[in-house]
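Trainee: Given chain A, work out where chain B should sit, using these hints.
One line per chain: the protein sequences are A and B, in this order. Taken in order, the first sequence gives residues 3 to 483; the numbers are from our numbering. Taken in order, the second sequence gives residues 3 to 483; the numbers are from our numbering.
Think of the hints as simulated: they come from the structure by calculation, not from any bench. Among the hints, erroneous ones may be present.
You can't tell identical chains apart in this list, so a pair holds if it fits in one copy or across any two.
[Unchecked claim] 27 Å max Cα-Cα, derived DSSO-like pairs, lysine-lysine:
| # | residue 1 | residue 2 |
| --- | --- | --- |
| 1 | LYS69 | LYS274 |
| 2 | LYS322 | LYS274 |
| 3 | LYS69 | LYS203 |
| 4 | LYS245 | LYS322 |
| 5 | LYS69 | LYS245 |
| 6 | LYS476 | LYS203 |
| 7 | LYS274 | LYS366 |
Number of protein chains: 2
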Amino acid sequence: MYIHLVRRPGAGTGPITFREFSMDRFFNPSSVAVIGSSNSPFNLGATISNILGYLGFPGELYAVNSKGEDVHGSRGFRSVLDIPGEVDLAIILTPARATPGVIRECGEKGIRHLVIETAEFSEAGEGGRRLQAEISEYAREYGMRFLGPNCLGTLNAHNRFCCFFGIIPGMYDEVFDRPGAISYVIQSGGVGALVIDSFRKDITNVNKMVSIGNKEDVDEADLIEYFDGDNTEVICLYLENVKNGRKLLETARRVRKPILVYKVGRTGEGAKAAMSHTAGMANNDIIFESACRQTGIVRLKSISELYTLPKIFTEMPLMKGRRVAVFTNSGAFGGITADLIVEGGLEMAVFSEATQERLRSTAKLFNVSNPVDLGPTLGKQAFIDIWDAILSSDTVDGLLAVPNVWQQVVVEAICELGEICRKYDKPAAIYIPNAIERILAIRTGYNLPVFESPEEAVRALTVSYEHCRALGKKALEPLPV
Amino acid sequence: MYIHLVRRPGAGTGPITFREFSMDRFFNPSSVAVIGSSNSPFNLGATISNILGYLGFPGELYAVNSKGEDVHGSRGFRSVLDIPGEVDLAIILTPARATPGVIRECGEKGIRHLVIETAEFSEAGEGGRRLQAEISEYAREYGMRFLGPNCLGTLNAHNRFCCFFGIIPGMYDEVFDRPGAISYVIQSGGVGALVIDSFRKDITNVNKMVSIGNKEDVDEADLIEYFDGDNTEVICLYLENVKNGRKLLETARRVRKPILVYKVGRTGEGAKAAMSHTAGMANNDIIFESACRQTGIVRLKSISELYTLPKIFTEMPLMKGRRVAVFTNSGAFGGITADLIVEGGLEMAVFSEATQERLRSTAKLFNVSNPVDLGPTLGKQAFIDIWDAILSSDTVDGLLAVPNVWQQVVVEAICELGEICRKYDKPAAIYIPNAIERILAIRTGYNLPVFESPEEAVRALTVSYEHCRALGKKALEPLPV
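Next comes chain A alone, as it looks inside the complex:
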């Protein structure tokens, strides 16, 4: 659907091998040429050749530079046209002014997928804007599609592929050693690095990440559509602007996976600052907000939500109503979380007499109405019985568990909470006020969906419910053709 077969008369002379375009090739190429990768000091292309070698990329690796020299084990050529085999994906880091010529050569070679990482295009003023239009024109002529310019390209944790410039072997080992289910479209390398860094101690991790920079061709909507069809479970976006709002919203409307978006430019000052970064136009944020509501896009409230919230979707059933039960064995957190639940648009569940009676039979409780406040106990079973009583209740849609962890039995009890949630098809968000360092260190090992603040935990239940409600609306609407 994305192939443009028109060729400008007189443009290029050699025969063109039209490899079929597929968005998947940006993440799963079988042969890669890094154009502008050389052995000069501080060469950015070389860092890509280096990381691909380090990661053990199994396909063919080529480096294109003026000397035609090999770089970090990639075979060197002076031009892509000299490369004997087919090239699936070309990664371009030549200076901006050299890029149009390079792209024409890629077209002649029959390359269909380009990552143009070079900067100084439309984000850098009028000259750059003209250059960006020019490369766009060439790509269209040759039926090529591209990411960028002014981007980092792609990362695929599952097949150990990464063409981000500047990363050093070892830097992202945790991502590749422990691939996850969350895919990111990120309009900035810096935010991508932050996300990856933040997953080190978390239960979830990255599936794919793509930095789209000035997104002259491939944009967030194309990638949402692609992630809807692959092994992604949650789609997260960091956007500095939206160029084609209608396309984004129509795509979002079709997709049933959760789409979480943090967008810069909520204020005029933010939009202005973003423009100098990735060359977007200021968007009307009120329109964007209302569009998100219509299409079920979850709007994130802080940059950290990009990495803290997805685990409520990957680890827990959806929240199907507003009614939250709170469990704590540290009384203060009952009041703290009740405020947050109401402020977040959810409700405190009201327990039936039967549920309260069942709770009374489990252990010594300070409070059997909601929030449930457990007194000192040494028994793992007390926790499990209480959670079962709560989650089995008809008046409860989800659980906010705030256990203080003083003994190992509490950790062991929490490990069984996931099972209870699956049994009743309701989610729990866990926040542990004390011993946070200890818990974070073991979170991944124990597979505990633990949040790092009461605000995060409540937000997780809120976005889960938001998404569930949007799904309900989508089911009622006729699918767009």
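Mentor: For chain B alone, kept in the frame of chain A given last:
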């Protein structure tokens, strides 16, 4: 001023030694009796005798229990009346019903300071309420003042004193080994534990902490007044209710140190949950909010702000206006923080031509207007020159520094930022998006006022400005008599 000398006729018979009351004795007692400390298994009083021994408390330590036995090195007695020397502070952990008798004995002994840690008073229904009124009556008769009931009492990091029950030797070593300047009034032990735990990796730390529980006698206003006169730099409160609003507000109005308050019960559900915890009444939150604004109390937005924000006051000059300059070497964070600054009620500073010219001379910058976006550099001096140019500008009230840290030189540059801030008497809040784990590990050592999210950093500048503005208003108002 707090001494009540009236004695009910017939109450008590022996001579009373009236030691002078002083709030300071709660934190700096010279002799302590833990009443209800025994060698029975799971005895809570014993944990206090134990921790005081472990911390090396230099004064006299007594344990009162039915057998009169020594506990963890504290000399044992059957009654406080049997203790030969004076007792500065009595810590009471006997069962609620036994408390009135114990308190009378303390009165007879001439003890003026009590910490009543026992629970099951007014938070536990009508019987508890009557009991609480009774102990209050006895205390008044004997001219005693007390913390609690249903509390943990006090911690003083500077003299290694702590009477929190349940803490285990070694648990809070970091607090006592590295005393700080922030004092806390906390209406819940759980929140106190969270605060202490959260300071492990931070630049600032606790000075004193007091858990006031049901606050039948000594309340937050008394303690604010006390902290205003000691070595505290920032006063932080966690409140579940306010009993005497007028007293709190009149005290706050007099105090010039920053007072930061997180209050539960912003919603009806939160207030209800808090009532079952520390027996408060639901307060009208709108009235509280407006009272805070009038008296310059800074209202906190999340429980974590209790420990993340104070460092902007302890490490940095006050923010004297709204105009923030942003510095980053990771373009995305310019837009992200500009949104947050405007949404937080601050403004993006506008640089003069002269400032922009000076910035141009420092290094290769992608942007010399605000946000300042630095390109790749290897020089520590470039950072310092840019920050000096920014902070010396007449149109800038504070700096938000968002450096990505790839090299050690950046850390070294940040270490000099404090000096530049003091030179121009303007604050900087630092947020470092990547390598956060690395930075947090060295934050204390390097004395870097680093915040852990862009939201936190912007909030820090906001509350600094809020406090500064409140101080300006206080200066204009006549001091209350």
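Trainee: With reference to the structure, classify each hint as holding or not holding.
Mentor: Here's how the hints hold up against the structure:
{"no.": "1", "hint": "LYS69 with LYS274", "verdict": "neither (42 Å within a copy, 75 Å between copies)"}
{"no.": "2", "hint": "LYS322 with LYS274", "verdict": "between (39 Å within a copy, 25 Å between copies)"}
{"no.": "3", "hint": "LYS69 with LYS203", "verdict": "neither (43 Å within a copy, 50 Å between copies)"}
{"no.": "4", "hint": "LYS245 with LYS322", "verdict": "neither (33 Å within a copy, 39 Å between copies)"}
{"no.": "5", "hint": "LYS69 with LYS245", "verdict": "neither (39 Å within a copy, 80 Å between copies)"}
{"no.": "6", "hint": "LYS476 with LYS203", "verdict": "neither (35 Å within a copy, 46 Å between copies)"}
{"no.": "7", "hint": "LYS274 with LYS366", "verdict": "between (58 Å within a copy, 20 Å between copies)"}
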